[in-house]
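There are 2 protein chains.
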Amino acid sequence: MYPEPLQDLIDEFGRLPGIGPKNAARLAFHLLRAGRDDAEHLSTAIAEMKRRTTYCPVCCSVSADGATCAICLDDRRDTTLICVVQDPRDLTVVEKSGSFSGRYHVLHGAMNPLEGIGEADLRIRELLIRVDGGGVGEVILCLNPTVEGDVTGMHLSRLLVPRGVKVTKIASGVPVGGDLEYADELTLGRAIEGRRSLDA
Amino acid sequence: MYPEPLQDLIDEFGRLPGIGPKNAARLAFHLLRAGRDDAEHLSTAIAEMKRRTTYCPVCCSVSADGATCAICLDDRRDTTLICVVQDPRDLTVVEKSGSFSGRYHVLHGAMNPLEGIGEADLRIRELLIRVDGGGVGEVILCLNPTVEGDVTGMHLSRLLVPRGVKVTKIASGVPVGGDLEYADELTLGRAIEGRRSLDA
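Going down the list, the protein sequences come from chains A and B. Residue 109 in the numbering used here sits at position 106 of the first sequence; the count goes up by one each step and never skips. Residue 174 in the numbering used here sits at position 171 of the second sequence; the count goes up by one each step and never skips.
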């Protein structure tokens, strides 16, 4: 319908997750009207991101130009604690919470037998090498509270406990500020299961 | 928070309309995980769109490489009818409706005194030149049913009627398939105002 170079861009935008055809056209027309610089910056940013973004050789989170990431280089952080997350974005969420000052390990996904995602597809070997290297006292599993997250957590626990490290898992329960009325049964069940004594 | 090349891309995506920070990160991470080709295609498509997309010298719609657009080149279309739209996307909507077989003229916006958008900012001069060139019998105003669209329509009508062309405006009323209960008063008012006799 649109001239080829414009339609090509609409098609490419439409391939991105969560961008429907109308939205893709809206983005393309925005760039058409925008200054030449704006479009060039986006075009260059995509190419540069792809060329320069790498994974940290220690924690497997994102880093630039093959370097070790800023968190792994930060000596003030507790090296005896490793928080395992599925995704670099989860790492950011934990960092923003300000309640963790150890190091991280990014798995890049969770085990999912139905989709054929197994141990070898995740950065599990790298985690075991870190633990085997010594100095790690506790591994905190901060995985999604889903079937895949739980399966991955159980698998990691079976691999890590025999290595002599403490393995913990973040609490599941009702969200702070949430309304009990709207809590689903599974979450409420977990919250009751994980109840704490107020005597302590 | 993220390494520079990744954060740069997140920032660029975040500048696009309707893309919030979380969505921008999701898009950037999608491209990070996607094949090198996918990212390159998008990067190239943006640059090529910007380099090659031009405006049709006749109707001011989008075209490629400075060429006259396919609709203006199509001899089977009625050259005596011009449908005036605000945006090339509106042209696509009219085309999809299949109820118009004349030519188009794209204004690229509507008059908006509050935002300082006046006659000179739109492709009005180009429309007058086409009409003055002769052979145009009717100009159909297919503008947004908003204050800006109405103001623009009235202005065009004042310029076109003295030139001896018939100027019409698309009907405003309740959407087909809509429920009267949910129609707003303005739309219903216009629908009553524009009522048609069933005798005819």
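It is possible that some hints are incorrect.
Because identical chains share one entry, a pair is satisfied inside a single copy or across any pair of copies.
[Unchecked claim] Under the rule of at most 30 Å between Cα atoms (straight-line distance), these lysine-lysine pairs were calculated in the DSBU-like manner:
| # | residue 1 | residue 2 |
| --- | --- | --- |
| 1 | LYS99 | LYS169 |
| 2 | LYS169 | LYS25 |
| 3 | LYS99 | LYS25 |
| 4 | LYS172 | LYS99 |
| 5 | LYS25 | LYS172 |
Bear in mind the hints are in silico, worked out from the structure with no lab data behind them.
Hint numbers contradicted by this structure = 2
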